[in-house]
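Residue numbers (our numbering), protein chains in the order written: chain A, 1 to 399; chain B, 1 to 354.
These aren't lab readings, by the way, just hints derived from the structure by calculation. It is possible that some hints are incorrect.
Said to hold, decoys possible - Covered by chain B, per the in silico footprint, the following chain A stretches (three or more residues, Cβ under 8 Å):
id : stretch
1  : 133–140
2  : 263–271
3  : 381–393
Claimed, not checked - Simulated restraints on C-beta separations:
id : chain 1 : residue 1 : chain 2 : residue 2 : range
4  : A       : V399      : B       : S331      : 50 to 60 Å
5  : B       : Q256      : A       : P91       : 36 to 46 Å
6  : A       : N86       : B       : K155      : 30 to 40 Å
7  : A       : D95       : B       : Q256      : 55 to 65 Å
Unchecked claim - For the chain A half of the interface with chain B, some residues (derived, Cβ under 7 Å), not all of them:
id : residue
8  : N121
9  : Q146
10 : L147
11 : N176
12 : N252
13 : T309
14 : H347
Every residue gets a Cβ at the ideal spot worked out from N, C-alpha and C, and that includes glycine.
Listed below, chain by chain, are the residues.
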Amino acid sequence: MNEPVYIAGVGIITAIGNNVAENLAAFQQEKAGMGDITLLNTIHRGNLPVAEVKLGNEALAQLAGISSKLSRTKLLSLVAAREALNDAAIPGFADLRSGFVSANTVGGMDKSEDFFVDFLNDNDKGKLRNVFDHECGSMTEVVGDQLGISDYMTTISTACSSSANAIFYGARLIKNDILDVVIAGGVDALAKFTLNGFNTLMILDKEYCKPFDDHREGLNLGEGAGYVVLVSDKVAKTLNKPLCCTLSGYNNSNDAYHQTASSPDGTGSYMAMQGALSKAGLQPSDIDYINLHGTGTPNNDSAEGTAITRLFGPDYPPMSSTKSFTGHTLGASGGVEAVFSVLAVKHGLIYPNLRFKTPMEDVPLTPETHYLEGQPIKNVLSNSFGFGGNCTSLIFSAV
Amino acid sequence: MKIYIRSTAAISAQKTFGYVPFLTEPIEYTGTRLSAIEPDYKDFVDPKLARRMSRIIKMGVAAAMQCLKDAGIEMPGAIITGTALGCQEDTVSFLTRIIELQEEMLPPTAFIQSTHNTVAAQIALMLKCHNYNNTFVHKGISFESALLDAIMLLKEGDANEILVGGTEEMTDTAFKILTRLGLYKRWPLSNFELYNTKSKGTIGGEGAVFFLLNDKPSTENLAELVSTKTFYKPKSNADIEKQIEAFLAKNNLTIQDIDLIITGKNGDLKNDAVYEALDGSLFANSSKAYYKHLCGEYPTSMSFALWLASNVIKRGEVPAVVADGEIKNKSPKKVLIYNHYQNSYHSLMLLSAC
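Produce the entire structure from the sequences given, and follow the hints as far as they go.
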């Protein structure tokens, strides 16, 4: 039960790149992924910036090797999950007990939106092939089948903390000796549903988002997928390449304050970070970099900042929100940022927090604003908080 | 470590909620859709809050609160739910408004409550429970995934007194779409005749069922949850048999040791062929029960089956309405539940008297 679980490979697709190498290059060039809406047919085009993956469905389908008629959610998921599995290059994968634990928040909503236009006019209309596979679990199933997963698949949906929960559920399946290898993370594609949803909450910034800045006005929605390959100690010993790191700590706590807003003192965030530290047997001073949830909304950044101040003050490790590059990828964000955290440990990187100028008045924290290489990084803390008070923190540690 | 079911509460299409007789007055429905009998929510939710809540949230919260009350637990160590389709009513409502209002002047409430974790979140909010909180949304094993999470938490020693449930609501929209997809029968029938028509399709259902799991022996416990297992896309009926036998063997049992098998028959020819093959082989000499004529078919219906099994063991009786043939042991001590979801996801649960 207390055996370590290692990360043997990673895969990612976001607005700043279609694979790991492209994402790292964008960080180095400090090049954000936001821009005008080009893929969604919405009245918000030209008004609200989003961070789109820079490939249409046809191109994505080609990359993924499946039909372009499938939900974009599946296409994104398969591209990143396959990169992760190839990266891990596990000898004898087919003979191991394998699992796929993926997260998303709106399943095949991109297709259901099309279906609904016709369905609303006449309940006997609307192409069923656009809706039969709507549910979140179908996204996981199609990708799992493509990856050759035979033993266990499941899907988690806890809003914006979804894929962080998927990753540590995956690790626990290994610790409980149920599986040997788990590909875990999450995906979400941009949809009119979520774009309009966040717009009604008035938390979308009309400019590019400014996480942790005093003049921040909200988040930019993004899309993408990020997966890590978790392996048992036994499998780790069979690999022909170095391990990326371990998942040393994790915690899921609930803010229990409001369905969408964070408590002013960041109770849930504090408990998640503290719980993850305690699970890893680490002190706050052991953390070398925090990958913030840092959405750029006034409420999140203030609550998260307060929790960090309470737990880490007065000596803060470098911190940044990579959402300033990728936008908020919702159900994918925990997976996307887990990949960035793993790469931070593996390559000694700290990512810049773009567009930060003025520390928040109530919580004056200063994120790192430059891309740094060659850093001595042993432990990285990654935060993912969501609607419903769901707060999850993960810690990735050097082997 | 032994894991116990301390309490359970079910809102279903039958009279199962609160202190009621054990399925002695089954309700007959004519049609292809069974709707849950909803309790008076004011005992569980502030009426002001309840007005804004969709049915799945109200059913989920009420079942969870009743379950905690029956266990005498004020603060669970974790809250975990499973739901395949989540908060459909709010999802459909927001989607409809996006189209009808052409993305302008949309009210946010439906969007806020549309996320799949709303039920688990609302329970946490009402209890001010800061503990572990998770929601699984994987088709026919959403509830099974939640249950596995609960079992692992208990084994890891990271939480105790775990509240775990399965929830699903049937909306007009989902019913229409699933009917068009051919899931349900094309003509109205009595749910009591579900297994007799030998035809394509089943009847739709919904419900909210919660359980309180712990690792403490007590005379109040309903049953021991000995083991659970899921398997995916078996190659053949023989493969299914092998999986079930291996599951029992791992628990040092054979099929002869099982007093009652609860199966997921749902009246659909193709679906039931899997169970009928077993009836002629591995299950040939076993006493069997079915349940989907009572609650309808829905992705988390295994939570209803687990409620049924827990009560069968605790009360020491098998309600006549669930008997699928002769019941040899009238007060079963060992109960196996076997369900499959469209022959993709297969699920086993083993319960024992404490």
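How the hints compare with the structure:
no.	hint	result
1	133–140	holds (count 5)
2	263–271	holds (count 3)
3	381–393	holds (count 5)
4	A:V399 with B:S331: 50 to 60 Å	holds, 55 Å
5	B:Q256 with A:P91: 36 to 46 Å	holds, 42 Å
6	A:N86 with B:K155: 30 to 40 Å	holds, 33 Å
7	A:D95 with B:Q256: 55 to 65 Å	violated, 33 Å
8	N121	violated, 10 Å
9	Q146	violated, 14 Å
10	L147	violated, 13 Å
11	N176	holds, 5 Å
12	N252	holds, 5 Å
13	T309	violated, 19 Å
14	H347	violated, 32 Å
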